[in-house]
Each structure stands twice: as structure tokens, then as C-alpha cells.
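Those protein sequence lines, which keep their order, are chains F, S and D.
The first sequence: position 207 = 243 (the numbering used here), numbered continuously.
The second sequence: position 60 = 257 (the numbering used here), numbered continuously.
The third sequence: position 216 = 231 (the numbering used here), numbered continuously.
Among these hints, one or two may not hold up.
What the hints assert, rightly or not - Just a sample of chain F residues kept apart from chain D, beta carbon distances all over 12 Å, derived:
| # | residue |
| --- | --- |
| 1 | P86 |
| 2 | L191 |
| 3 | R211 |
| 4 | L218 |
Said to hold, decoys possible - With a Cα cut of at most 16 Å, we get these calculated EDC-like pairs of lysine to aspartate or glutamate:
| # | chain 1 | residue 1 | chain 2 | residue 2 |
| --- | --- | --- | --- | --- |
| 5 | S | K285 | S | D409 |
| 6 | S | K324 | S | E340 |
| 7 | D | K238 | S | E340 |
| 8 | S | K303 | D | D323 |
The hints are simulated quantities; they were obtained by calculation from the structure and are not laboratory data.
Note that the structure is a prediction, hence the values are computed from the model and not measured.
Where is the CB? At the ideal position from N, CA and C, for every residue including glycine.
As a plain string of letters, each chain reads:
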Amino acid sequence: MRRKNWYARLGGVLTVAMLAFAVTGFFWTPYEPTAFDATSKYAPPSLAHPFGCDQMGRDILSRTLEGAGSTLVIALAVLVIGFGLGLLIGSLCGYFGGALDALVMRVCDALAAFPSVLLALVVLAVIGPGKYNVIGALGVLFVPSYARQVRGEFLKFRDRDFVRSAQLMGVPKWRILYVHILPNTWPVLLSGLTIGFNNAVLAEASMSYLSIGVTAPDVSLGRMLNEAQSVWFTAPWCMLGPALVVVLTILGVSMLGEGLRERMRA
Amino acid sequence: MMLEINHLNIAFPHAQGHFEAVKDFSLTVEEGQVIGIVGESGSGKSMTAHAIMGLLDRKQVQVSGSICFDGVELLDLSRSQMRAYQGKELSIIFQEPMTSLNPTMKIGPQVEEALRIHTKMSPKERKARALEAMALAGLPQAEALYHQYPHQLSGGMRQRVMIAAALVLRPRLLIADEPTTALDVTIQAQILDTLKEINRKEGIAILFISHDLGVIRALCHHVVVMQQGKIVEAGDVEQVFYHPQQSYTRRLIASRPTRTKLKAGGSHG
Amino acid sequence: MMKTLAKRLLLLVGTLLLVTILAFVAFSIIPGDPTSSILGVEATADQVAALREKLGLDLPIWQRYLHWLGGLLTGNLGESYNYAMPVGQLLSTCISYTATLAVMSFVLIVVISLPLGILAARYEGGVVDRVLTVLNQITMSVPNFVAGLLLVYVFGLVLRLFQPGAIVTPAMGWGSFLGYMFFPALAVALPRSAMTVKLLRGSILSELGQDYIRTAYSKGNSKTSALWRHVLRNAMIPVVTFLAMTVADIMAGSIVVEQVFGIPGLGKMLVTSIGNRDYPVVQVIVLLIATIVVVSNFAADLLYRVMDPRLRGR
């Protein structure tokens, strides 16, 4: 139990640190992320450039900061769309049930069987790459899994006494759903959100790495890794920054989620 | 003297001091005797049974005192030495027949497992002996049951499978830890009859643990009454039942549902 | 059991049919005409019309679907716009790479995770368990392609165990081909192995706390024999299901990892074809992967029933 507490704490610290890193990128970078510098072409990591420089002498740390910010925004936007719609559909299905619920859940089950990277790939093949397409595609694809989670939780609470008494008192349906039931579901949904965040980071990075996700001039960690691969014989350090940020972010958030789940069980 | 327990103490070391589950427990069981231990839940009776069987985790539980079987001090034995007794000289059946059997193993192999562990019998000999034990435990059509899975059996049948598995090596002592508590009243009576029969025919001593003094009375010669880890009363079962010395014992007798109540509402018990 | 199986099979066929419809419709509603990507922008109206007729684009969509489906069933997978080559022929070489990669990844996952999961559970709380728990958490957080990049860097660029980007074909001998596939397969397998270790460890520990294990001890089983004879079979039920569903993730992982190692497999072909808007190829690959996912889920469900006698006959 104590070990798990330590787990959640370290995860929390790591998450906050990575968030701070990404947010910093919006306001400040040590160099202009797109500034070419002929003198520092292929410069290995040093005090001036902790992650080194790429083939055009751009500072990798600055680019990583900017990329992390962009990846964070994409992941959060995906969560807003996916979780928002999932919450709406799941809460209605869970509370009202019926034939529509059965149909929606069957579709969700079928979609949930496919890895989200795979589905997003297909959708992007149809609608084309780009930052907003990535957000839209991933956001919509996250709906089924959240709808299922939310539905399960609402189903659990719909017959509880506090809901029954609210119904008897004539509380409007939307109030029962989102004021009475929703707060009780947070512990479970929060842990679902941590998993979803990681999946979004992973999916965005993978797709941008495959160059069917975020396209130039937008930056993202996945795109940086793609670019880094083209110079990895001469400047392998170009990978270090973005790879480290992706891994540490996922690690921190997953430990945090794990800690949250453990606390719920206790 | 087959089994002699002297000054047994069982404690769980805890951050906030010890929790003593059993305190200064002494008991002797002679060959072929049927002894009852009665007490409410948490009185330490199951803990005592587990201690005799060597099933307590020695890393978590402190056991002191003496448990002598045939002159051998069981508490001094190593885990592997103790295994030579488990299922061979000493056997146990538990309260939960629904979960005490392995759900993915057929009945036959579970009944004859002790034979696999303790003897060098051939599969054929093992099966013959298993079928014999199943018949003794009151299981009809043992041959067909042999190839079935636990979930295909009723609770009573599963408890009989547990009994057959415990008897397969003709142990000297069978510990029955609330074996009928989870069962229907009519099934309960049938199982008690079977246990009685086993004691009479095979001469296997039984240590019967229950919270129900009436059940104990139907089966046992002697009884010890436990409360909060201590023996509060002991003696001949009729003596204790009709002339309880302690108010606790009297309450145990009084709390017992009467026959009429059982018939009225307890048929699914 | 037979009735359930029949019902499940029917559902499987229905799902596959639905997948073909989705795959077809999705790539038919895309704006833009494939003729322009084949003929270029300078093509005359007559040329375009002729090509449209040749490709069947002048027919209504349901007719084109049925035509396409009929082709699929008779082995005619269509023609690539980009390579001017039957899709079947184009993919046949890719498939051998991806199939080898997927099978090897699966084997690696099993070989890595089963012993480690059992070891961690057997010595729960010990040094091995603790080290594994930390390693697991880290490994799970490394995406497939980052793991791939790391492996290429360490074993390819620094230790020079293989040449990054060089392609080894099966014709160059199975030994070297499998050697070539080892690191890509490892990159696909690592995160999944970590998850499997975690699942198996937890499953074993929860089974070890069950009543029937107490029964096993009371018969004279040692911890090891209780583990092998009683726990594993029960603990493997959720793990086997998980492994069957892992096939879907292996497919997703290999698409990305093929790109890292430059393996000319299905995944690389898929990404290239998406870039080229070569939809006949994309359609077939998507359909193929979807089929594998659906079938592996079907297998997972079936295995679950076989492993757990309580579910048989239901």
C-alpha cells in the first residue's frame, strides 16, 4: 500500500514536470525553434544545446519544447472531443437503456476491438493528414471506449437510492444525470482519462512519425522523430529529446493512473 | 494419544500490538474419537484447525505451544516435513465447497491428488482407490462423476467430493471446518450421517468445527467451547448441552434456530 | 457448444461483410478522382472517360461494391493505380515480411512474458519481482517505434549487429532472414510483453489466494507444485484471451515498426499507398488487417470457452 502511494506520487511529480515542460514551450524556448544556424550544424549535445542540433543547426531542445506543447494540445483536444461525446452517449445509454443502447453498444464493442492507431490511420487515409484532421479522427475514435466506460458507471448508479429519491422529487433528468450521478463516477472515469491521454499521445506520435499525422509547418514529437531518423547516422542525438519526452510523459501519466486505481481499490 | 495440543497460542504480529487469535488452547484427540469445537465466528476455532494442518503462513503468524501427533512435534517440522502429514495422516475439509475445488480440474484427479503426492500407485490403482473413496463419501455413480467438472455438481455433492479427496489415503484424523454451514439443512443432515458412517466404518477420528452446538451434538462425543481464542468450557457433549456452565454457552444454545424455524424458513440455508 | 460455435461463426461472417462495406464506401466517397492521379492533369476528357469506364467508375456505387466483393472472393483484388500491377501480386511479397514479423513478435511475447510473469508471482515481493515491476512500467511506456529507434541505434549503429535500412529477403536464407526480423519483432513485442507480464503476475497472485489453493496445500502440495498443477491453468484463462487480442496490436505495431527498420511489408506498403492515394491497395490492406483483427478476436472468445470448463456448453 505504501509502495503504491509512492507510485502515485512519483507519477504525479513526473506528470506535472512534463506538463510544465510542454507549457513552457508555449511561452519560451532558448532559441527560435525554426532558426537556422550554419555554425551549429550537427552540433552534439553541449551546455549551449543540451539535446544538440540538427542538420540545419536548429536547437533540438527548443524544437522539443515546441513539439511537446503541440502534442499536449492535440492530446487534450482529442480527450475533450472523445470524452465529451463519450460522456453524452454513454450517460444517455446507461441511464435510459433500451434498444438504442443495445445497438450503440454493439457498434462500440466492434470498434473497440480495433487498435486506435489502426483506425485513425484508415480515417486519415480518407480525410488526409494535418493537425486538425488528427484531432478530429482520434477524438471521434476515442468515443466508443469512453461511451462504454461511462455507460457502465451510469448503469451502476442508476438504481441507487439517491437517484430514486431524486426521481421521486421530480428533479429534471439532465440534473439527475450530470449533477447527481456524474460526480460519483469520477474516480473510475479519471483513471480512464489517464489511459486515454496516453493513447492519444501514442497515436499522435505514431501517426506523425509515419508522416500521415501532423504535417509541416506544425511540429510534433512524432514528426521530430521521423525527421531525426533521416540523420541518425550523423546526428543520433536528434532522437534523444523527443523520445525522452514521449516516454517520460507516458510513464508519468500511467503511474499516476495506476496510483489512482490502487487508491480506489483501497 | 494420537493428537495432543498443549498451550497453543496463535498471534498476528501487528504494528499496533499483537492480535491473539488463540490463547492457551489444549486438547487431546484419541484414535477414532469425534471431538467438536464450537464457538461463534472469530473465536479462533478455524485458526486452530489451520494450525494443526500446518496451513498457517509462518511469515505472518506466530504459533507457539505444542501440537503433538503420534509423539512428533508438528510445530518443529519444516514445511517439507509437514507436507508428509498433509493429506496423508491429517486431512481437512472446508466450509466453502463451492470454491474449495479447482474449477478447471476434473473431479477424479482432484480426489486422487493425495495419492499422486504421497504414493507411487499406478494411475489405474489410483482411480480404483478414488472411486472407493467417492463411494464411501456417499457419491453415487462415482465412475461418471470422475470425468465431470466441479461446476456441474451441487454444493452437497462438491462437499462429498472434498470428503472423498480427504479420505483417499485413509488419514488418521479428519478435520471438518464448518463443512455443512454453507449447505441446505437436509443436505447438512445427510453429510453429518456420512461423516458418522466414515468414523464408524474406517475408525477415522474427526475434529468437527462448527458454530452450531446442535450439529456438534448430533455427531460428537466431546466438545470444547471457544470464545475469543480461549476455551471456556469442555466436556461430554450431552453434559455441556443440557447443563452449560457458562452464560456464553447458554447463549450459543439459545441462538440456535429451533427445528420448526429451520423447516419454516431455512430450506435454502 | 456446436450451436454457440455456429452462432459465433455467423456473427464473424456478418462482421467481415460489414468491414468490406465500410472499407469500400470509405474509399469511394473520397473527393477527387483517381483518374487524375493516374493520367496526370493534362489528360483529355476522352482519356478520362475511357479510363473511368475501364475502372468501372461510371457505375453506381452498389454495383461497384458487388463487383469488388465478387473480385475479392475469386481472388481478383483489383489493380494498383500507382504500380499498374494487380494488388494481389503487389501484396504477395509484402505479406511474407509482415507475417514473419507478426508471428515472431507473438512468439517473442509468449517466450518473454510467461516465464517472467510466473517468476515475478512465485517470488512476489522479492528482488526479482521488484526489478521486474519497475522495468515493466518503463517498458510499457515506450511506444513501439521509439523502442524500434532505440534498438536500431544501439544494435545497428553502435554495436553494428545489423545494417540499418538494408533489406534481407527470404530468398537469402531463412537464417539470415529471421535474424533480420529479430530486432523489429522485439520492438513490436516489448510493450506488449510488459503488459502480459503484469497481467499474468496479477492473475497468478489472485488465483493463489483462492480457496482451492488452500485445499491443494492441505493435500501436501508444495508451493511450486500448487503453482504448476493448480494455479497456472486458471491464471492463464485471462492471459490467453489477452494474447489472442494482442494480435490486433501486433498488426498496428508492425505497421509503425516496419517504417523504422525499412522493412518492405504490408505496413510500409499501406503508408506509401496512403501517401500516393493508391486506394485499391489501401482498401485491400485495410480489409486484410481488419480480417486478422476480427478473426483473432473470434479466436480469443473461442479459446476462453475452451480454457474455462464453466463456460463450455453455454
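Minimum Cβ-Cβ distance from F/L191 to chain D exceeds 12 Å
holds (23 Å)
Does the alpha-carbon distance linking D/K238 and S/E340 stay inside the 16 Å limit?
Roughly 30 Å separates the two Cα atoms, so the pair is violated.
F/P86 remote from chain D - nearest C-beta pair above 12 Å:
Non-interface label on F/P86 holds, nearest chain D Cβ at 18 Å vs cutoff 12 Å.
Under the criterion that the straight-line Cα-Cα distance not exceed 16 Å, is the pair S/K285, S/D409 satisfied?
Outside the cut-off at roughly 28 Å; violated.
Holds or violated: S/K324 with S/E340, Cα cutoff 16 Å?
Status holds; Cα separation ~9 Å.
Would F/R211 pass as off the interface with chain D, using Cβ distances and a cut of 12 Å?
Since the minimum Cβ distance to chain D is about 38 Å, F/R211 lies beyond 12 Å and the statement holds.
Within a Cα-Cα threshold of 16 Å, do S/K303 and D/D323 meet the stated pairing?
holds (12 Å)
Examine each Cβ of chain D, and state whether all of them lie more than 12 Å from the Cβ of F/L218.
The claim holds: F/L218 sits with its nearest Cβ about 30 Å from chain D, beyond 12 Å.
Hint check: violations occur at hints 5, 7; the rest are consistent with the structure.
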